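Order-wise, the sequence lines are chains A, B and C.
Counting from 1196, one number per residue, gives the positions in the first sequence under the working numbering.
Counting from 361, one number per residue, gives the positions in the second sequence under the working numbering.
Counting from 19, one number per residue, gives the positions in the third sequence under the working numbering.
Since the hints were made in silico from the structure, they are not lab data.
Errors might be hidden in some of the hints.
Claimed, not checked - Chain A is faced by these chain C residues, among others (derived, beta-carbon under 7 angstroms):
| no. | residue |
| --- | --- |
| 1 | 31 |
| 2 | 34 |
| 3 | 35 |
| 4 | 36 |
| 5 | 89 |
| 6 | 91 |
| 7 | 92 |
| 8 | 103 |
| 9 | 112 |
| 10 | 122 |
| 11 | 140 |
| 12 | 147 |
| 13 | 151 |
| 14 | 158 |
Claimed, not checked - Which stretches of chain C does chain A cover? Using the computed rule of at least three CB atoms under 8 angstroms from a CB of chain A, they are:
| no. | stretch |
| --- | --- |
| 15 | 38-52 |
| 16 | 162-170 |
Unchecked claim - Pairwise CB distance ranges (calculated):
| no. | chain 1 | residue 1 | chain 2 | residue 2 | range |
| --- | --- | --- | --- | --- | --- |
| 17 | B | 386 | A | 1859 | 49 to 57 angstroms |
| 18 | A | 1918 | B | 602 | 28 to 36 angstroms |
| 19 | C | 35 | B | 409 | 54 to 62 angstroms |
Here the structure is a predicted model, which is why all the values come from computation and not from measurement.
Glycine included, each C-beta is placed from N, C-alpha and C at the ideal position.
Residues per chain are reported as follows:
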Amino acid sequence: MSDALTSLDRPNSYIGRSVPRPNAKRLLAGRGRYITDLVLPRMLHVAFMRSPYAHARIVSIDNSTAKAMPGVRLIATGADLAKVCKPWVGTLDHFKGMKSTPQLPLPLDKAVWAGQAVVAVVADSRALAEDAAEAVVVEYEELPAVIDIDAARTPETTVISPELGDNVCFHGKIDTGNIDELFAGAAHVVEEEFHFGRHTAVTMEPRAIVADFDPNEMRLTAHHATQTPYQFQDIYSRHFGIPEANVRVIAPDIGGSFGMKLHVYHEDMAAVALSIVLGRPVKYVADRIESFVSDIHARDHRVRARMALDTEGTIIGMDVDDVTAVGPFSAYPRTSVVEGNQVFRLIGTPYRFQNYRADLQVVFQNKVQMSQYRAVGHPIAFAVTERMVDMAAAATGMDPVEMRRRNLIPDDAYPCAAPTGYKFEALSHHACLTRLCEIMDYDRLRAEQAELRKRGIYRGIGIASFVEISNPGPAFYGVGGARISSQDGAVITITPSGDVRCAISVTELGQGTETIVGQIVGEHLGVDRERIKVITGDTETTPHGGAVWACRGAGIGGETALRAARKLKENVISLAGSILQEQPDKLDMHGGWIVDSDTGRQRVELAEIARIAYFRSDTLPPGTQAQLTVAHHYAPQGYPFAFTNGIQASHVEVDVETGFVKILKHWVVEDCGRVINPLLVDEQMRGGVVQGLGAAFFEECLYSDTGQLINGSLADYLVPMAVEMPDIEIAHVETPTADTELGAKGCGEAGTAASPAAALNAVNDALAPFDASIAQLPMTPARILKALGRI
Amino acid sequence: MKARAFSYARPNTIAEALDLFAAADEDATYIAGGQSLVPTLALRLQAPQTLIDIAHISELRGIALDGGWLRIGALTRHCETLADPLIAQHAPLFHDAAPYVAHPAIRNKGTLGGSIALADPASEFPAMALAMGAELEIVGRDGARRVPADDYFIDLFQTAIEPGELLTAIHVPIVRPTHRWAFDELARRRGDYAIVGCGILADMQSTRIEDIRIVFFGVGNTPVRATTAEQCLIGKQLDQAVVHVTQAALADDLAPPDDEHTPAAMRVHLARVLLGRLLGRIAGAT
Amino acid sequence: MSEQITIHLTVNGEDVSQNAPARETLADFLRTRLQLTGTHMGCEMGVCGACLVLVDGRVVHSCLMFAAQASGSVVETIEGLSERAAIADIQEAFHQRNALQCGFCTPGMLMTAQALLSQPGVPSRDEIRDALSGNYCRCTGYEAIVDAIESVARARAATANGRQVEEVAG
Ligand SMILES: Cc1cc2nc3c(=O)[nH]c(=O)nc-3n(C[C@H](O)[C@H](O)[C@H](O)COP(=O)(O)OP(=O)(O)OC[C@H]3O[C@@H](n4cnc5c(N)ncnc54)[C@H](O)[C@@H]3O)c2cc1C
Ligand code: FES
Ligand code: FES
């Protein structure tokens, strides 16, 4: 038989297909509606006077000149806003012993990082607010700033928050036992000290909020550029004392988030507080300079690691010490410990070894807060692991691919667990490695590398395996006491014309949530995609849910949509059965019709069923009540997370005279389970890879000794741009999770998770002939030249 | 990031512009393409009472040969500098440097005069003006004068232009058949200001260097002529040994700023690498 | 001379006359006074490219220009190009190739693409990347954008060649 029909040939088979995003057309026409675009009647604008010092006592604030300036409506200090906002504390119970201080929108007596908002000025326009903010006079008494991560923990150093006793936020340990003995007896030990530069999200659209409080009804509407509207509904309700049902959070089009827009920021809370005080809409849009000093930063880590091997080149254990400095307090509500926690639990996880010891210290310092940003912890964990694996390969004289073949967890060894406690359902490291070597033509590249070296051209090939946490259950935040949902909800309706509306709690950030939900609902209801409207991003019109973070949109949101659609289909078919006088199990839905399930013969249009249900219920058999709307909630059960896996490779050329690196090409083979839309998955990968390459080569928040961010503008902080970024080839291996019917896992963070690791290995591979090595990101020309001993 | 309030004036002649400046009690700033000025106003690093928009003064436009010189009007936009055939032929270092200046949209608006008036030490055009031995035409209420580039760059963002004066044109001595030239720079990303850049104009008698001007940018408070290095080359054949000596001599010419992230030693090292590469190109072209 | 001035412009084919503070950038003027919010702002200092518009036919940053400077000029924004279908093929290629995610950089990308594709010849991938050197995108990693522009360049060249062949034949 030739050309058997595949499942993709059936009508409405959308799952697995590359379909473009319907909602993208609006954005292409310049008709996106971002918070930055929003104007409300009587809306005011806020600007902030910010602390020039990293650590200072606020002695006095003089508003007298500013108050009298044109267009100024209100000037507020910490004490003013404390009257309407309850403080928040960024701790979670499952991080035993972690501590942090209560935070308010504006500080009462102390500024703890350079750039912290100290005084708010509300005026008729942003320009007028800035004019007046400049005229506010604040007298400070500068205090010693805690900047260095080692200094932060020495007894003679200033304690940023004396009430906490010291500058340590959290101390974590993992120890499977007898590590010292294991290393003492190892055939080979490799070790390295890694430094990771603090970097930040730099979403294209900065943070933005329009807070609109109506005192008559005690209602707050927050138009908020966030990926987690439900979390903010809860926070605004509790911290401003407004009943939850009266708080509406609307997140329309958002110009990028990457985890950065799900944290609580002082300015955003201030905007809400100011709207409450004024009874008028207040808009706050961070300008880019403010973004750099107030958006969360991430990845400021120093990791010392050792790896032990036996004579065969088998990895037998790792020993790791991670110190991370997270700013002056822990972020809310997700804390600043999660990143470090993921670093020290993810290290080594693609590999078989079971002996592991790790120490994690999370310390406070006078820089802006750090917290979750795309691929939380993964880039660090895999840069450390994969560099060590390459060093181990070199120490044992093995090719890096061979080293991985020997040590990656075999594809038939699942289910299994990592020594750090993570449980794996089914991964495909070896299948991915094999596929990677094919698509990159590994052997040819190695031959070419050897040839070019003879001519003084130094290319490097770097490989990095990874796992990625996706589909998190309540173990992630819920058990720690955070009111962050791990379930999602969908309300799905057949409209009177036979169209479909699906209101769902996962949100759209351009990654394509609405598209894949439409694909899933279309496939399971047998309805054309064009007739499905997916509604997201508004707490008033969609059910409560976790929304999107930790790559849960497709896996959990998709499963929610699938089950809701299936439930609705049962209702439709049972109704159609009564109308057609047919057994429901003989009926199915396709192409907007009720059809005979075995022959596919069209029986009645869905629109006709809807017409009868809504307008001619009198013609239905007695006792039949049409239910063309269903609500369904789904929370993941089974594994606490659905791990995905994959492997990446980077090909670079290092100019050894200048230290400049040209990134020639990048490859990814990834396994995110069921691929719902390859086009969207591939672009998540590419975007993610480039975000990681930015970290590998360009991005770093540079601070002076006094805690001033010295490159806090988009001209000075180097983001990856088109010319320097490579083409990226992508291939897939599909190992669906059995925990859900859909079988999908996340894919949004995989690119970022391991591209820095691949790049680090590639550069070191290029430097190998010079006996030079580098263990610091970003790999700037200065650092490469230093590694080469040229400067 | 909103500029402080100012008033706006748009003169049509040089004379009018100079008068407006005087009338504003010197609390005024000229704006040409605005590609450097607007961000400094938005950041409130500068806040004049009056902004005098010189972009509509036709006397500041035009590119024309004038004896042995090419006169380039101050308002010549970077995209014109890149595309103009007279500049490509007679003032080739401007042409060669132009693609490295910022990005296409900025080149559509930024002007040669603005760049040279501002004299950012990391900028390409001011350095190339020095490398080509250009003369800068400056007009004030007391009249016009021409200042050789060697005397024009005084210190960081400080030039021979006095407050209220306008840079009206750049005069470049046209290159002769015996001239060879080369330009390159090392910037982290395309269009970024360079860490180090260099332009060379050499007068060659077959393979012997008769005269040479070597100018670096990104290495100090102004574009820097590497006079010690030049001396190592004049009268010499360009061979490996001479190049090495010249590279070593740069230590006497350059004293770049030093910071942890871009150490002075790195800039000097990169300047040497660039110099070697550019001299190689010049040698290759003879 | 005053801090408030009257600005006369043609924007997307319509005559506009508005009072505005002299300090208002063209970007703010277009976005707040004319509600042309398709022009975005990501940095207000010329480094992200989200605010690109056409002024007298040339692509420039509307954040690096005061509206006062543009008085007397002809301005076109993404809304104008879109509505007169001048970039329909580029928009379609971006859509099919998924060359946008959040869409915030997209109007600027389209402006750059249109400027590049208005020049003769089919640009190489490197030339396309070079043209995009001032356009930041955090979401896509750029490749899809390069692909989309490349496909339009090819298609436009093919149409132009087809026309030439027809002319020769006719
Ligand atoms: C993102 C970005 C990247 C850039 N990258 C580079 C780069 O790589 N290399 C580079 O060289 N430049 C770069 N630039 C700057 C750009 O080249 C500017 O156009 C140029 O420096 C100034 O020209 P302008 O006409 O825009 O001057 P303006 O910004 O209008 O003016 C600059 C200064 O010069 C004064 N001025 C202007 N014209 C005159 C005149 N005729 N007489 C007297 N004074 C005058 C003004 O008063 C002002 O103080 C970049 C700019 C941006 C925004
Ligand atoms: S806003 Fe104009 S370039 Fe970024
Ligand atoms: S699509 Fe989001 S910044 Fe480009």
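Here is how each hint holds up against the structure:
1. 31: Not OK, violated: residue 31(C) not within 7 angstroms of chain A, min 15 angstroms.
2. 34: violated, 17 angstroms
3. 35: violated, 21 angstroms
4. 36: violated, 15 angstroms
5. 89: Because about 19 angstroms separates residue 89(C) from the closest Cβ in chain A, which is outside the 7 angstroms limit, the hint is violated.
6. 91: Violated - the Cβ of residue 91(C) stays beyond 7 angstroms from chain A, reaching only about 20 angstroms at its closest.
7. 92: With a minimum Cβ separation of about 18 angstroms from chain A (threshold 7 angstroms), the hint on residue 92(C) is violated.
8. 103: violated, 11 angstroms
9. 112: holds, 6 angstroms
10. 122: holds, 3 angstroms
11. 140: Cβ of residue 140(C) sits 18 angstroms from chain A, so the hint is violated.
12. 147: At about 4 angstroms, which falls below the 7 angstroms cut-off, the nearest Cβ of chain A leaves the hint on residue 147(C) intact, so it holds.
13. 151: With Cβ-Cβ at 5 angstroms, under 7 angstroms, it holds.
14. 158: For residue 158(C), the interface hint holds, since the closest Cβ of chain A sits about 5 angstroms away, which is under 7 angstroms.
15. 38-52: Check passed, 5 qualifying residues.
16. 162-170: Coverage by chain A holds here, the residue count being 3 at a Cβ distance below 8 angstroms.
17. 386(B) x 1859(A): 49 to 57 angstroms: Because 54 angstroms falls inside the window, the suggested range holds.
18. 1918(A) x 602(B): 28 to 36 angstroms: Hint holds: Cβ distance 35 angstroms, inside 28 to 36 angstroms.
19. 35(C) x 409(B): 54 to 62 angstroms: Roughly 26 angstroms apart at Cβ, these two residues miss the hinted range, so it is violated.
Hint compliance for this structure: hints 1, 2, 3, 4, 5, 6, 7, 8, 11, 19 are not met, and every other hint is.
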